[in-house]
Amino acid sequence: MSHHKLEAKELHFTYPDGNKAVNGISFMVSHGEAVGIIGANGAGKSTLLMLLMGVIFPQKGEVIVGDVHVTKKTLSMIRQRLGMVFQDPDDQLFMTTVYDDVAFGPRNYKLEEKEVEERVLKALELVGILHLKDRSPYKLSGGEKRAAAIASVLSMQPDVLIMDEPTAALDPKSRRRVIQLLKSFKHTKIITSHDLDMILEICERILVIKEGEIVADGETREILSNAELLDSCGLEMPFSLQDCPLCGSQKQSLKKLNS
Amino acid sequence: MHMADALISPAVGGAMWAATGGLAAYSIKKVQSDMDEKKVPLMGVMGAFVFAAQMVNFTIPGTGSSGHIGGGLLLAILLGPYAGFLTMSAILTIQALFFADGGLLALGCNIFNLGFFTCFVAYPFLYKGIIRQGYTQKRILLASMIAVVLGLQMGAFGVVLETLFSGITQLPFSTFVLLMQPIHLAIGIVEGLVVTAIVSFVWKERPEIIERAALGKTIGDISIKKVLTGFVIMAMITGGVLSWFASANPDGLEWSMFKTAGVEELEASDGIHQTLADIQSGTAFLPDYGFKAPESETASEEAAGGGEEAWPTVSVGTSVSGFVGGFLTLALAALTGLIITRVKSKKGRVAA
Amino acid sequence: MSGMINSLYNLRLLDDLAKKGTSIHRVHPLIKLLTTVVYLTVVVSFGRYQISGLMPFLFYPVLIFALGEVPVLPILKRIIIVEPLIIGIGILNPIFDHQTFMFGGFTVSMGWVTFLSIMIKCALTVTVALLLVATTGMDGLAAAMRMLKIPKAFVLQLVLTYRYIAVLLEEAARTLRAYSLRAPGQRGIHRSAWGTLAGQLLLRTFDRAERVYQGMCLKGFTGEYYTGKSNRIRIIDLFFLAGWISFFVIARIYNIPMLLGSLLTGVLN
Ligand SMILES: Nc1ncnc2c1ncn2[C@@H]1O[C@H](COP(=O)(O)OP(=O)(O)OP(=O)(O)O)[C@@H](O)[C@H]1O
Ligand SMILES: [Mg+2]
Chain A
1 MSHHKLEAKE
11 LHFTYPDGNK
21 AVNGISFMVS
31 HGEAVGIIGA
41 NGAGKSTLLM
51 LLMGVIFPQK
61 GEVIVGDVHV
71 TKKTLSMIRQ
81 RLGMVFQDPD
91 DQLFMTTVYD
101 DVAFGPRNYK
111 LEEKEVEERV
121 LKALELVGIL
131 HLKDRSPYKL
141 SGGEKRAAAI
151 ASVLSMQPDV
161 LIMDEPTAAL
171 DPKSRRRVIQ
181 LLKSFKHTKI
191 ITSHDLDMIL
201 EICERILVIK
211 EGEIVADGET
221 REILSNAELL
231 DSCGLEMPFS
241 LQDCPLCGSQ
251 KQSLKKLNS
Chain B
260 MHMADALISP
270 AVGGAMWAAT
280 GGLAAYSIKK
290 VQSDMDEKKV
300 PLMGVMGAFV
310 FAAQMVNFTI
320 PGTGSSGHIG
330 GGLLLAILLG
340 PYAGFLTMSA
350 ILTIQALFFA
360 DGGLLALGCN
370 IFNLGFFTCF
380 VAYPFLYKGI
390 IRQGYTQKRI
400 LLASMIAVVL
410 GLQMGAFGVV
420 LETLFSGITQ
430 LPFSTFVLLM
440 QPIHLAIGIV
450 EGLVVTAIVS
460 FVWKERPEII
470 ERAALGKTIG
480 DISIKKVLTG
490 FVIMAMITGG
500 VLSWFASANP
510 DGLEWSMFKT
520 AGVEELEASD
530 GIHQTLADIQ
540 SGTAFLPDYG
550 FKAPESETAS
560 EEAAGGGEEA
570 WPTVSVGTSV
580 SGFVGGFLTL
590 ALAALTGLII
600 TRVKSKKGRV
610 AA
Chain C
612 MSGMINSLYN
622 LRLLDDLAKK
632 GTSIHRVHPL
642 IKLLTTVVYL
652 TVVVSFGRYQ
662 ISGLMPFLFY
672 PVLIFALGEV
682 PVLPILKRII
692 IVEPLIIGIG
702 ILNPIFDHQT
712 FMFGGFTVSM
722 GWVTFLSIMI
732 KCALTVTVAL
742 LLVATTGMDG
752 LAAAMRMLKI
762 PKAFVLQLVL
772 TYRYIAVLLE
782 EAARTLRAYS
792 LRAPGQRGIH
802 RSAWGTLAGQ
812 LLLRTFDRAE
822 RVYQGMCLKG
832 FTGEYYTGKS
842 NRIRIIDLFF
852 LAGWISFFVI
862 ARIYNIPMLL
872 GSLLTGVLN
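Protein chains in written order, with the numbering used here: chain A, 1 to 259; chain B, 260 to 611; chain C, 612 to 880.
Each hint should be verified, as a subset may be incorrect.
Below, a list of computed lysine to any residue pairs in the SDA-like style, where the Cα atoms sit at most 25 angstroms apart [as the list claims (entries may be wrong)]:
1. B:Lys297 with C:Gly839
2. B:Lys397 with C:Tyr837
3. A:Lys122 with C:Tyr837
4. A:Lys139 with C:Ser803
5. A:Lys72 with C:Gly834
6. A:Lys122 with A:Ser76
7. C:Lys840 with A:Ala21
8. A:Lys183 with A:Lys72
9. C:Lys631 with A:Ser76
10. A:Lys110 with C:Pro685
11. C:Lys763 with B:Gly273
These are calculated hints, taken from the structure and not from any lab test.
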């Protein structure tokens with residue numbers, strides 16, 4: 001299914017105030033792959049995702065989804081295939097009820113109201129918040145909001161799911177639920193996060209970004225155990241890799257304390 | 260400053276609804292034809308901002324007084340007059356519905372008082388007039404201050420006229436004006452300072468926001484004609500009222516110049532109302548709700564009450580039966596409520 | 612600050628109430644809106660010396676309270692918050708009304724009658740408007756507005772404002788909290804911080820509006836606002852409307868309590 005591949009070619013983007021946020025990024029994601037994008041604050045992750053979605057357009061380079069170049073003309077079609085979940089779900093849930101929010105996308109694509117309903121219920125069921133369908137978004141908890149935002153994207157039945165920090169500001173249980181949810185999706189996934197343990201669980205491949213450039217692209221475990229690389233990018237090894245639960249050796253920080 | 264339903268008559272409420280509805284319809288057309296669809300979410304979220312900001316109190320150092328932003332002018336500065344007016348309308352609608360702040364019938368009045376005067380009078384004619392030569396710190400202060408204060412004065416005067424037109428309160432015109440205008444002068448000065456501070460800050464940090472709104476095509480081509488048409492309609496209404504007052508009061512001129520104040524005039528007020536009522540019943544300028552003197556009211560009530568004598572020309576008999584009957588009705592209503600609630604909760608328990 | 616928390620609480624409460632499923636909640640939003648508007652118009656059309664004639668108009672809110680299972684207290688609280696404004700304007704009536712009448716041996720200014728009349732009208736109108744929202748909710752009202760052919764752009768904007776009030780109240784409250792923690796004992800916000808404080812919030816709001824817009828675009832928004840099909844108006848809804856309107860009109864034309872009272876006192880005599 002080559003039409004599900006997503007490709008970025010030599011992307012450059014500078015904000016109007018002269019801030020060079022993305023500086024020559026190229027990569028390709030093939031069908032069904034789960035890719036994590038990591039990097040320090042301000043590395044350019046969110047900007048990169050915006051470029052992929054065609055929310056902003058690169059000054060140089062291009063994004064190709066399947067065989068279609070992302071341009072203003074193809075946007076409507078592209079956006080049906082890529083679904084993006086924002087960093088702050090409050091930005092994505094803007095209607096008065098969860099149902100209307102999840103129905104917003106399908107309705108904009110002028111589907112029959114009956115089909116809209118089917119899709120909405122299915123999406124809500126999938127993320128496990130069917131019982132919240134008549135609630136107002138502002139009365140949901142953080143985790144419920146996240147789930148609702150994901151449902152509002154799923155109802156558009158995208159091929160690729162793009163998520164900006166899906167576990168930010170969630171309590172451990174909600175975070176766990178979101179992780180399980182993401183793991184259960186067969187979609188192609190692109191996820192940015194500072195939650196490296198989550199990335200470790202979900203993604204098999206990682207792109208490391210620093211100052212708008214890719215500094216590493218490879219297998220998850222390999223990159224996440226490379227302390228030197230992570231450190232140079234303002235990151236830290238995930239806890240689950242820091243000590244070895246099998247041989248019982250202590251974490252490095254503890255060792256230092258003891259000696 | 261929000262008018263309540265209980266203070267207006269249906270005629271005034273309806274007239275203001277019509278005026279506001281017309282302005283809103285025109286503004287929507289303007290916004291939709293001139294702008295990108297980006298404006299709608301911006302208006303929505305900005306409305307929420309103003310709503311929240313209205314609850315923040317700013318203190319004036321050294322005076323102990325405080326105030327908050329009204330929002331009309333700020334919205335016009337940031338979004339342009341049409342979008343600003345619509346946003347103000349949405350805020351007031353939500354306040355009327357969810358907070359009982361100003362009623363549904365009075366909504367037209369409130370939108371007009373707080374939205375029209377700020378967005379379509381104070382903004383284009385005062386604010387823009389001063390700021391035309393370009394933004395500077397001084398001009399922001401001058402323009403915001405003048406536009407806010409005068410916009411608010413107009414709004415307050417609107418409240419006075421609408422209330423008096425409705426004839427619900429018995430406050431004489433001059434007393435009401437003397438009560439309202441100075442209070443709103445003080446409020447206006449605080450708000451003017453706050454708006455100045457906010458606009459200066461935004462202008463320094465993100466000048467493009469203000470410039471886009473101020474110099475963009477949407478505001479550049481305010482069709483003055485349309486605004487003027489609104490003005491003419493307003494002037495006609497105002498003129499109507501004023502001539503009404505003037506003809507009603509033998510010393511009309513004196514009255515309109517505010518020469519007299521205080522007691523003498525207060526005493527004259529009953530006379531005004533009476534003559535007004537006479538004129539009104541003679542000319543039927545407005546349906547008979549407005550500005551009624553007790554006498555004419557009695558007449559209509561007499562008709563309404565099926566020949567009963569009604570309140571003002573009180574005979575002891577009728578006031579007693581009114582009292583007894585009223586009390587009975589009250590009790591009956593309360594009883595009905597109680598019974599239904601009882602039955603319902605029983606049913607609920609049985610079902611459970 | 613407490614104002615913000617109260618507002619949030621109020622929004623949540625009305626929203627909760629609107630999610631119930633009583634017979635009143637099931638009445639079509641448009642029908643309820645129309646009934647409310649007729650009610651308000653009729654109540655407000657009463658002359659300023661009328662009190663007894665207003666009494667039958669208690670039946671509508673009482674029935675909605677009871678059938679719609681709306682708690683009385685919170686709504687009453689709202690009235691009490693609003694009444695002072697009305698009192699402020701109405702309290703002067705007794706001073707300016709020089710007519711008097713005798714009641715139980717006392718000479719009373721007719722102004723007190725008008726004052727009481729205003730207060731009752733205020734209580735009735737405020738209650739009924741809140742009851743409309745408490746049994747309909749914002750989505751219902753938006754649907755009703757759409758049926759009244761109010762332009763989509765305005766309805767969408769209204770819905771967005773409603774939605775983001777909660778978000779911005781919380782944001783403003785956070786900002787204020789941070790400010791007041793560092794400026795103890797200050798009632799409001801000092802002049803020197805006005806621009807920065809409100810301005811920052813404003814700029815954040817602009818950024819949020821931008822993100823919300825992007826969120827809408829990603830869901831295929833192109834300026835059109837598509838709502839789902841709204842419920843049909845049922846026969847029973849029409850009965851509701853017709854029944855109440857006839858009641859309002861009859862109660863407006865005939866002073867029922869007065870008739871009742873004179874009947875009763877007549878019988879007693
Ligand atoms: N609207 C904007 N205007 C100007 N510069 C911006 C804008 N948005 C982001 N930037 C800048 O672009 C760079 C990349 O920002 P971006 O939001 O993509 O980072 P990020 O990797 O998502 O960071 P975080 O982990 O904090 O979310 C940063 O230097 C940021 O300051
Ligand atoms: Mg980011």
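Against the structure, the hints come out as follows:
Restraint check: the Cα-Cα separation between B:Lys297 and C:Gly839 comes to about 22 angstroms, which is no more than 25 angstroms; the hinted pair holds. At roughly 46 angstroms between alpha-carbon atoms, B:Lys397 and C:Tyr837 are farther apart than 25 angstroms, so this suggested pair is violated. Simply put, A:Lys122 and C:Tyr837 have alpha-carbon atoms about 20 angstroms apart, close enough for the 25 angstroms limit, and the pair holds. With a C-alpha separation of about 35 angstroms, the suggested pairing of A:Lys139 with C:Ser803 is violated against the 25 angstroms cut-off.
Of the supplied pair hints, the one linking A:Lys72 and C:Gly834 holds, its CA atoms being roughly 16 angstroms apart against a limit of 25 angstroms. Straight-line distance between C-alpha atoms of A:Lys122 and A:Ser76 comes to about 23 angstroms, which keeps the hinted pair within the 25 angstroms bound. For the hint pairing C:Lys840 with A:Ala21, the CA-to-CA distance comes to about 44 angstroms; that exceeds 25 angstroms, so the pair is violated. Under the criterion of a C-alpha separation no larger than 25 angstroms, the hint pairing A:Lys183 with A:Lys72 is inconsistent with the structure, at around 32 angstroms.
At most 25 angstroms may separate the alpha-carbon atoms for a hinted pair to count; C:Lys631 and A:Ser76 exceed this at roughly 38 angstroms. For the hint linking A:Lys110 to C:Pro685, the alpha-carbon distance of about 41 angstroms lies beyond 25 angstroms, and the restraint is violated. Our distance criterion of 25 angstroms between C-alpha atoms is met by C:Lys763 and B:Gly273, whose separation comes to about 23 angstroms.
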